[in-house]
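So the sequences go chain by chain: A and B. Going by the numbering used here, the first residue of the first sequence is number 5, and it counts up by one from there. Going by the numbering used here, the first residue of the second sequence is number 5, and it counts up by one from there.
There are no misleading hints in this set.
DSSO-like cross-link-like pairs, simulated, lysine-lysine; straight-line CA separation at most 30 Å:
1) B/LYS124 to A/LYS389
2) A/LYS252 to A/LYS291
3) A/LYS107 to A/LYS389
4) A/LYS346 to B/LYS143
5) A/LYS289 to A/LYS252
6) B/LYS143 to B/LYS124
7) A/LYS107 to A/LYS291
8) B/LYS143 to A/LYS389
9) B/LYS8 to A/LYS435
10) B/LYS82 to B/LYS124
11) B/LYS82 to B/LYS8
12) A/LYS346 to A/LYS145
13) A/LYS107 to A/LYS289
14) B/LYS6 to A/LYS435
15) A/LYS107 to A/LYS252
16) A/LYS107 to A/LYS288
17) A/LYS252 to A/LYS288
18) B/LYS82 to A/LYS435
If you are wondering where the hints come from, they were derived from the structure by calculation, not from laboratory data.
Here's the letter readout for the chains.
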Amino acid sequence: MDLFNNLAIGFGAAFTLQNLLYAFGGAVLGTLIGVLPGLGPVATIAMLLPSIYALDATPALIMLAGIYYGSQYGGSTTAILINVPGESASVVTAIDGYQMARKGRAGAALAAAGLGSFFAGSVATMVVAAFAPPLTELAFKFGPAEYFSLMVVGLIGAVVLASGSLVKAIAMILLGLLLGQINTDVISGVPRYSFDVPELTDGIGFVAIAMGIFGFGEIIANLGRPAEHREVFTKDVRGLWPTRQDFKDMAPAVLRGTTLGSILGVLPGGGALLASFAAYTLEKKSKGRPDEVPFGQGNIRGVAGPESANNAGAQTSFIPMLTLGIPPNAVMALMVGAMTIKGIQPGPQVMTSNPELFWGLIASMWVGNLMLIVLNLPLIGIWIKLLTVPYRFLFPAILAFCCIGLYTLNNNNFDVYMAVLFGLVGLAFYKLGCEPAPLLLGFILGPMMEENLRRALLLSRGDWTTFLTRPLSAALLIAAVLMIVVVSLPSIKAKREEAFQED
Amino acid sequence: MKIKSQKDFWSGIMFIVVGLGFAWGATNYSMGSSARPGPGYFPLGLGFLLAFLGALVVFQSLTIDTRDGDPIGPWPFKQAVIILGAVALFGLTIPRLGMAVALPLLIGISSLASGEFHWKEVLVNVVVLTVGCWLIFIKGLGLTIPLWPTFITG
Chain A
5 MDLFNNLAIG FGAAFTLQNL LYAFGGAVLG TLIGVLPGLG PVATIAMLLP SIYALDATPA
65 LIMLAGIYYG SQYGGSTTAI LINVPGESAS VVTAIDGYQM ARKGRAGAAL AAAGLGSFFA
125 GSVATMVVAA FAPPLTELAF KFGPAEYFSL MVVGLIGAVV LASGSLVKAI AMILLGLLLG
185 QINTDVISGV PRYSFDVPEL TDGIGFVAIA MGIFGFGEII ANLGRPAEHR EVFTKDVRGL
245 WPTRQDFKDM APAVLRGTTL GSILGVLPGG GALLASFAAY TLEKKSKGRP DEVPFGQGNI
305 RGVAGPESAN NAGAQTSFIP MLTLGIPPNA VMALMVGAMT IKGIQPGPQV MTSNPELFWG
365 LIASMWVGNL MLIVLNLPLI GIWIKLLTVP YRFLFPAILA FCCIGLYTLN NNNFDVYMAV
425 LFGLVGLAFY KLGCEPAPLL LGFILGPMME ENLRRALLLS RGDWTTFLTR PLSAALLIAA
485 VLMIVVVSLP SIKAKREEAF QED
Chain B
5 MKIKSQKDFW SGIMFIVVGL GFAWGATNYS MGSSARPGPG YFPLGLGFLL AFLGALVVFQ
65 SLTIDTRDGD PIGPWPFKQA VIILGAVALF GLTIPRLGMA VALPLLIGIS SLASGEFHWK
125 EVLVNVVVLT VGCWLIFIKG LGLTIPLWPT FITG
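Excised from the complex, chain A in its bound form (with noise of 0.2 Å):
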């Protein structure tokens, strides 16, 4: 069996010590970000990717990985304890799980959060070990003008599935796309938009983005806010197992969130956020027993269907990231840049060319997962007291992070200018109401665009209608189309709105 080969060699990878630590270190620190409010796994992926230069490239991806799917952990802690969400995922966790915690069950709570996020995790990484590698090989079967339209497609799924105004959301990825224009043209060797200025020849770091908008832009919008009261139901939590009555109610929403968040992972724009406001709208659907609890009120299948979703969502939206180099969410983008950093070219050769690189990735998610329920079960009163620490010790720390990791980045204070720049660009964003996630998505995948449209357009002696001809490009295109058409209907735009409204 090829999958138990494989799954053997990243085992293998993923059971050294220092692979083990990394993965741990993750874990931990998602566990964290996802416990404190205001700080998400964008923000601190692009925070820590300039010191992922003294690293390997697989310890250095291990850890990242282990901070989003830590982080969707430690995000349902905080949205069961504080009724805050501490990851955008958990915003339906909160709905059910605070009303538990009112109630007096908190501990039963976090387990059936734990324990789903867990089973979901663990199936999760088989899906991925067997879905990756078919994938890779349709990929070797594309051309260029199969990859821009596969790109094409990616960023208008990135949009149709987040909230918002679509139009806006798709001005947002040309602006990413135009912001990845600044750079030294790969084909002719001309500097395009530098204004003389050297540094802008390589383009603009997208970290420098990512730590403006993300990380500044954050800050300054959450100290504009009145700060919020908090009741912490820190002294409620005993009694952490559930009953058998739980268990019997948890399994089947366990089962649904998981099987739901896994396909949604896989799609363009999906990922840990999307699976989890599915997953609880199912389980409002679904009967259980005559007499439970009903929704919004303390029910247990509503806290256990989204947390596995949203765990399995985190996990298997790496498969396009790892078959195909596209990245799916800016967390995958940040992935991307990371895979970059290393000198790795994101794309279907990473399997065979970095076979304990990718391997090992997908072995260290099941070890991380591991690792998570121990971290966060057992010791879940270290988390409750890290929520006591204000935001005003905390911001200055967040700070000071990421103006050393701009610094570092090149060693020249340019980036960091930049990201105070794109400060002022992400304050602006927020006002505006304008989703930044889709921006950085486009600039990601803006280079890589181009370089496929003029190769496809250079190989058809400029016949546009190549993207038309060759048949699963113009499948590619239909279906982004067809998406678009789709979700302006107003049917289904009425609907749309009104899931989003729910939080």
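Following the hints, complete the assembly by docking chain B onto the known chain A.
Using the frame of chain A, we list chain B on its own:
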């Protein structure tokens, strides 16, 4: 004509301006032909597309009713100036004065942005974070960051 969504109106204007800006910039570079696209080909197309979408957003903001006119609301100017100013100062000071000076400045100044400022707390935060960063980044990760001012180390 009445603007029905302030947020959308101004984001639309932003998209138009930036899109046209990039398209105008692209005219400085060789356009090539569709068989041999030059460096200006892709940005020109993207710029016009962005400007078009911006116009669409503006059109929507003038025609589609919103409940409260989507006001942009007050800008957190004070916080923005303090935070971004502190970061810019860090960028200015780090190569010359080193981490031992630049970090405390960054932490001290940025703390002013929070509504609650207590001298003792900020001092503790400064010491803990500066020592912590020195341990993690210089000792632990071995990054080359100047620690002391150049006039001391020579």
